[in-house]
Amino acid sequence: MKDMQEEIKLVSGDKTYSAAFDHTDTSKVFLDEKLYEFKVLKEYNDNVKVISVNNKVFTVKINLEDQDSIEILTTGFGYKYDIKTATSSLLEKFVRQSGKGKGKVNGIVAPMPGMVVKVNCAVGDQILENDKLVIVEAMKMENALASPLSGTVKKINAIEGKAVDKGTVLIEIE
Amino acid sequence: MFKKILVANRGEIAIRVMNAARELGIETYAVYHEVDKHSLHTISADYALEIVGDTPKQAYLDAAQIISLAIENDCEAIHPGYGFLSENASFSKACKDAEIKFIGPNEYAIEVMGNKTAARELMQKAGVPIVPGTKERITDLDLAKEIATEIGYPILLKAAAGGGGKGMRKVEKESDFVDSYDAAQREARNAFGDDTIYMEKYIVNPKHIEIQILADEHGNCVHLAERDCSIQRRHRKVIEEAPSTVLDEALRAAMGKVAVDAAQACHYVNAGTIEFLLDKDKNFYFLEMNTRLQVEHPVSELITGVDLAKEQIKVAAGYPLPFEQEDIVVSGHAIEARIYAEDATNNFMPDIGTISYLRNPDGIGVRVDGGIERGDEVSINFDPMLAKLIVFGQDRAEAIEKMDAALSSYKVVGSITVIPFLKAVMQSDKFRNHYFDTGFIESEFDFKVLDEMKSKGEVYAAAIAAFAYNLNKNTKKVTPVNPKPSDWKSKRLNNMREF
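These protein sequences, in sequence, are chains R and Z.
Here the first sequence is numbered in my numbering, starting from 1 and rising by one per residue.
Here the second sequence is numbered in my numbering, starting from 1001 and rising by one per residue.
Just so you know, the hints here were simulated from the structure itself, not pulled from any lab data.
Some hints here could point you the wrong way.
[Stated by the list, open to error] When the alpha-carbon atoms are kept at most 25 Å apart in a straight line, the in silico DSS-like pairs for lysine-lysine are as follows: (1) 118/R - 1170/Z; (2) 34/R - 1454/Z; (3) 166/R - 1057/Z; (4) 1454/Z - 118/R; (5) 56/R - 1456/Z; (6) 34/R - 1473/Z; (7) 39/R - 9/R; (8) 39/R - 1057/Z; (9) 1448/Z - 15/R; (10) 1096/Z - 1314/Z; (11) 1456/Z - 80/R; (12) 15/R - 34/R; (13) 1430/Z - 1456/Z; (14) 42/R - 1096/Z; (15) 80/R - 1430/Z; (16) 28/R - 1473/Z.
Computed from a predicted structure; not experimentally measured.
Isolated chain Z (complex conformation) (with noise of 0.2 Å):
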């Protein structure tokens, strides 16, 4: 087993990491840009390194100086997380040219599945079903507007090289096409320094199903059933859970095995996972491949109990697969919760601020997942997420009360965070009853209801703000400019000090 890892990522997937490192025996480094000397992933390592950017994002890009930190601090493996450099297949080609482990799959299985052309041509030849659509990059789009014509409006964009919602636009007629297609390309650049859009039919109201793997290096592969992704505010997910509500044995088993066909097919190795959108007649579509551990991953890890983190840094380090595909037993009922610091009543605009008080759930079958603690700063530089919250019950009943109750004891003071929005998830009758998709908070989610909650803190708010505005006065009044200071600590100490 490694000695020393470096994890090559920051908030919460780096502790998470750091942690599975430390149940295996191994210390762990982390790296951080100034902005970041304070952040919890920072000081809960054994070490921690020092890296620079002209952004804070491109220092945690920057894979030549975190390669060559590694080397210094003799790290035998990197774990990239998710994000940054976790896809990026010409560093995992880096690493391995430097002699260091990277946790993850190899640059070609990272190359082929993060171009979406490439990875459609592959999965067809694998017998994997598609999403009808363009396989090439869009160059003409006179031509594009003909294709998007035939598939059928509505039309999905999407960046070749993207994820994470960015660079993707539908498109519900042709008249819309040239300035979605600006927006999508603009995004793709930004985001990923790649503006290659391509085309697929828009399959309405799909639910996101996706199908965990793990693979050894000895020609293990294993799938850990689905996640059930379907809660998502601009093609991102907020909510996950696991097992799906809609599929049965036979349908996790058919999507199980052609997920692990995909992975064989591109030789994976690692963790990864498949997903697909599973229209109302139970048809799955391979939508795309991620060749990184998933944000999602703890709902699988709750009803598999696996802990993927651990068996990724197991593998990387040349151990087979301690289980076989019967081993894997689903029981019970998971359901994570994003927390975004974003206003949910304002089209979930992104929020920044100081965490001035921070308060997690705890109970029986309750985790957290966070990157944050109190004093820490929400910025523009990063994403918004600042823990993922995660429950367990018997069954999804039991979860979703779990889950419900966690919020209400989850405090989050300093941004505004959207606790009150999944709150109203959890209580609304369509999600309990399984009655969504991915158009569930676009189409049949009521905003109404949290501005109902808003309004019912508003006079509490109200009285507060008086009683403050009264107490602030006051507290001018009485206190005198220069108090004198209480003496009662150093009598203390020359108490002390006579014994």
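Bound-form chain R, shown alone (with noise of 0.2 Å):
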């Protein structure tokens, strides 16, 4: 491959997107091998462009805060994909060889910010999946948030009365 020319997987769920482009012509990506051509027919602040894609027009906010990841908002869906490049596929394979990657939290994260209203488990409690551990309260209504897996509640960190920040991990589950 040539020094201009790049190559980069786009990671949502289980799904895996190969991205190929030139950096000397950001007009083209071939994504799954498959031509997209682009124009940005409009810019707004806040990273709103519109961008027409072979043609279709789509109005999206991008937040790309980091290389790591990349947020596309379109009117009603949120799309986020983590970033793999050449370099970071390598980095986390000699990470995880050698054994020091820190693993995915298990266990029940906030989706939002909001309120603990209620914890239902204690720590040591056998717990199954879809079992609905603790209640938090956003926008004036109760969301009771599920265990996303069967084991063993092995730390709290929700306290009741106490408020929350979006992706804080309230329950760890092994």
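With the hints as a guide, bring both chains together as one complex.
See the structure below:
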């Protein structure tokens, strides 16, 4: 591969897309070997762009906070991709092999900011997948959050009556 | 007519009321908490008054502060909108005591209809059919369980002070009773400061039909036909339409008469709504009365031609209703869809974010009652409803086509919205063919359709992601650190100075 060309992987859940492009020509992307051509029709503040993709028009907000992930917001849906470059893939492989990689946290993560109303479990409890372990109130509605897996409650970080931020690990499960 | 009114609310309803006031030549005063300084309702008003509170919500609930602002600014009336102070009897009374007109019913009507148990009693006396259940607050859980068994499961636990689905729980079996009761009570306490819970029989998959009424201070009361609000998630309405496809003229007249009777039983003045459950055999039961203007009022406006917000203000100013029952003629079909910042693919979880781009749909028969503009924040402080999209067609089929098209034109970028979900409902056969009830979203709607819609966009989104990634790298490389500013502007200014 020439210097000006790059291939990355975009990972969203169980789907992975391969994207290839040339740094000297940003108007084209090969996604899973299919050609997509781009025109930026209009740009607004706050990373909003109107883009035509093979002449189909999209108004999107592009959040590229770091080089590791990217979020595309459309009307109604949000798409988030982890970006794996040649370097990041190598690095990951190295970390995995050396056994120092921090595993993905298993447990319940706050899907949005809110207030913990009730915790329905204690450390050491045996729980089943879909058990509703914690209730978080957001925007005046109570949301019962279910466990994504079966196991044992390892740690409880949620405190009743306390506010939590989006992404906080509320309950850790082994 | 009033010269100045204060609107004690925020978002789309505050703007809706201010528009109506302007048509009547009235100056408008908005109130806003610091977080709403930039909000559309604040900047749309003629005057904007800051209110303070420990939380933004508490500021909008601070009756004393709002009333003293109204006095200071010579506002003759206060419109409460919906939510916040709209169904607060002591606020209505406090306004009266301060010689400020409350644009809504008197405290007696709010109090009696706001208390579900008192309302049931009054309605029963007035000959209005009610759902079997308890009249008193639940105090003894064992006794409550006995009554539940007597009525027959499933039963519904409801907050006496409730509304909007808060403090409400369906109980399928006795073993769930205590947990559901606790949850309902907690939600009620947080939302209304009153944890009184009562129960009633759960009517399986009913239609939610409500009748709009309007009453003046001279004893006149008319109904403005019905709205069908059966499409609900978590007991909260999301799509409403008028008229309903299941009511014929006779049933409309019958329900309309009962609604007027109900309003007159509590000496009601101003706009109000009587909600009914309609079962499969077309039996209807009184559910509750909402003693305020409702979110979904526009559909009634479009099929009757009556501007409800304007009539509310006129009634409060002492005018008699300009029409009688026989003048109210239903024509065409209207549908409203609430644009919530919620993720329908994830159990309608509310979302937050900055609305970085917004373009409303328009065209013949398309109305947007909006509360946001580009750059506004969707925060956890308030309800996640961004706007209401309302369409009017000659008939239901045309209204559905219009709604579908308008949803496609709607661009809201920055937070997840229910727009794709609303589109999917418009396209579903069951909705199109009128086969829906309040169980529609829970049991009939096929959420796979939404997942398919999302994955359809996924490939394009991935392509855009790759494009943006490359563009970002590229921009970094080619943009000089200190780009020399273009001097066209100064040149142009110099040229202009020569003249």
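Each hint, compared with the structure:
1. 118/R - 1170/Z: Holds, at roughly 19 Å.
2. 34/R - 1454/Z: holds (20 Å)
3. 166/R - 1057/Z: Given that 25 Å is the threshold and the Cα spacing comes to 21 Å, the pair holds.
4. 1454/Z - 118/R: violated (33 Å)
5. 56/R - 1456/Z: Between residue 56/R and residue 1456/Z the Cα gap is close to 13 Å, so the pair holds against 25 Å.
6. 34/R - 1473/Z: Cα-Cα ~22 Å, so holds.
7. 39/R - 9/R: At roughly 22 Å apart (the allowed maximum being 25 Å), residue 9/R and residue 39/R satisfy the hint.
8. 39/R - 1057/Z: violated (44 Å)
9. 1448/Z - 15/R: OK: residue 1448/Z and residue 15/R at ~17 Å, within 25 Å.
10. 1096/Z - 1314/Z: holds (17 Å)
11. 1456/Z - 80/R: Measuring from Cα to Cα gives roughly 15 Å; hence the hint holds.
12. 15/R - 34/R: It holds: about 16 Å lies between the C-alpha atoms, which stays within 25 Å.
13. 1430/Z - 1456/Z: holds (23 Å)
14. 42/R - 1096/Z: violated (54 Å)
15. 80/R - 1430/Z: violated (33 Å)
16. 28/R - 1473/Z: Judged against 25 Å, a Cα distance of about 14 Å means the pair holds.
When the structure is compared with the earlier hints, violations turn up for hints 4, 8, 14 and 15 and for no others.
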